[in-house]
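J.: Sequence:
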Amino acid sequence: MTTTTFEAKKNTELRVFEFSDELATDLAEYVAQLSEISVKERGCFTIALSGGPIVNVMRKLCESPYQKMLDWSKWYVLWADERAVAKTHAESNYKMTKEGLLSKVPILNSHVYSINDTLTVEEAATDYEFTIRQLVKARTISVSKTNDCPKFDLILLSVGSTGSVASLHPNHPALELTDDWVTFITDSPEPPPERITFTMPVINSASNLVIIATGEDKAWAVQQSVSQMSENVGLGMSVPAKMVAPVEGQVVWFVDKEASKEIQFENDNFEL
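Mapping the sequence shown onto our numbering, position 153 (from 1) lands on 933, and the numbers just tick up by one.
Keep in mind that the hints were calculated from the coordinates and are not lab data. Predicted model, so just to flag it, every value in this text is computed and none were measured. Quick reminder that beta carbons are idealized off the backbone N, C-alpha and C, glycines included. Among the hints, erroneous ones may be present.
[Unchecked claim] Using 27 angstroms as the maximum straight-line C-alpha spacing, the simulated DSSO-like pairs for lysine-lysine come out as follows: (1) K917 to K790; (2) K790 to K854; (3) K840 to K820; (4) K848 to K884; (5) K820 to K917; (6) K878 to K867; (7) K854 to K840; (8) K820 to K854; (9) K878 to K925; (10) K848 to K875; (11) K848 to K1037; (12) K854 to K878; (13) K840 to K867; (14) K867 to K820; (15) K925 to K884; (16) K790 to K1037; (17) K884 to K840.
[To be verified] Here are the simulated distance ranges between beta carbons: (18) N791 to E821: 16 to 22 angstroms; (19) H869 to T911: 17 to 23 angstroms; (20) N896 to D967: 17 to 23 angstroms; (21) K867 to Y810: 25 to 31 angstroms; (22) S853 to E793: 18 to 24 angstroms; (23) P973 to Q847: 32 to 38 angstroms; (24) T868 to Q1030: 23 to 29 angstroms; (25) G880 to P972: 27 to 33 angstroms; (26) S853 to S1018: 30 to 36 angstroms; (27) T958 to K884: 36 to 42 angstroms; (28) P972 to F910: 32 to 38 angstroms.
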């Protein structure tokens, strides 16, 4: 058995893959389905991306049949976090996404919303939140009925070895923000230190969340975040990915075999 689906915490699904190509193929199929549903129901598809391996695993969307099947003109692309660097900088999430995805599919340039890289990181965060508020006002992005936060059709995240998501790191004060949609940090433990990021209420307001975890160094973070056994451990803000708990939607983890090593599966017959 090369893939499996495991029901974990409430509103959480875990999909484990033995090979990276299988993970990418299943992710492409999943994103394509969400896009089709959203365009049919709302007339558009709003997606927020993150850094890490996101662009690499989305490469299948640039291939047949997805490249011609999807209604790319209805896509609106934003970023759940971004490094405060120039768009031409090697560490820019925008640059990586542009080269790996946007330049290979017919997404409208006017539907791509990157940060203003001429501003300070604090100004860029304020400006980016204003952009999102305008898209909400225009009803391009839906609104959560629970907390009035923007309700993206899909937010794609990757998890760090410490359990970080977007640019929200363990025990960081940004994890406690409840009113801001976008905030900034100047002390990222991984370079570059200055970044903008969605806050946790915005992440948890998405209709659909995908978290990608690949590599043995992510095994601890995956186990702490998805296992029912860890729900009452009380780790709190020490594992941001554990705080991902959709209010109205669901989160699906796409995990490779190495990153699933510490998961305790209820089914004794489970095997890869």
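J.: Now, for every hint given, state plainly whether the structure supports it.
T.: Comparing the hints with the structure gives:
1. K917 to K790: violated (31 angstroms)
2. K790 to K854: violated (31 angstroms)
3. K840 to K820: Since the Cα atoms of K840 and K820 sit roughly 22 angstroms apart, the hinted pair holds (cutoff 27 angstroms).
4. K848 to K884: It holds: about 11 angstroms lies between the C-alpha atoms, which stays within 27 angstroms.
5. K820 to K917: Judged against 27 angstroms, a Cα distance of about 20 angstroms means the pair holds.
6. K878 to K867: holds (10 angstroms)
7. K854 to K840: Status holds; Cα separation ~19 angstroms.
8. K820 to K854: holds (10 angstroms)
9. K878 to K925: violated (33 angstroms)
10. K848 to K875: Holds, because 23 angstroms separates the two Cα atoms, which is no more than 27 angstroms.
11. K848 to K1037: Given that 27 angstroms is the threshold and the Cα spacing comes to 31 angstroms, the pair is violated.
12. K854 to K878: The hint holds at about 17 angstroms.
13. K840 to K867: Within the cut-off at roughly 24 angstroms; holds.
14. K867 to K820: Distance ~33 angstroms between K867 and K820 Cα, so the pair is violated.
15. K925 to K884: Since the Cα atoms of K925 and K884 sit roughly 35 angstroms apart, the hinted pair is violated (cutoff 27 angstroms).
16. K790 to K1037: The hint holds at about 22 angstroms.
17. K884 to K840: Holds, at roughly 11 angstroms.
18. N791 to E821: 16 to 22 angstroms: Taking Cβ atoms as reference, N791 and E821 lie about 20 angstroms apart, which means the hint holds.
19. H869 to T911: 17 to 23 angstroms: holds (20 angstroms)
20. N896 to D967: 17 to 23 angstroms: Taking Cβ atoms as reference, N896 and D967 lie about 21 angstroms apart, which means the hint holds.
21. K867 to Y810: 25 to 31 angstroms: This hint holds: roughly 28 angstroms between Cβ atoms.
22. S853 to E793: 18 to 24 angstroms: violated (30 angstroms)
23. P973 to Q847: 32 to 38 angstroms: holds (37 angstroms)
24. T868 to Q1030: 23 to 29 angstroms: violated (37 angstroms)
25. G880 to P972: 27 to 33 angstroms: violated (20 angstroms)
26. S853 to S1018: 30 to 36 angstroms: Because 43 angstroms falls outside the window, the suggested range is violated.
27. T958 to K884: 36 to 42 angstroms: Given a distance of about 38 angstroms, which is inside 36 to 42 angstroms, the answer is holds.
28. P972 to F910: 32 to 38 angstroms: violated (23 angstroms)
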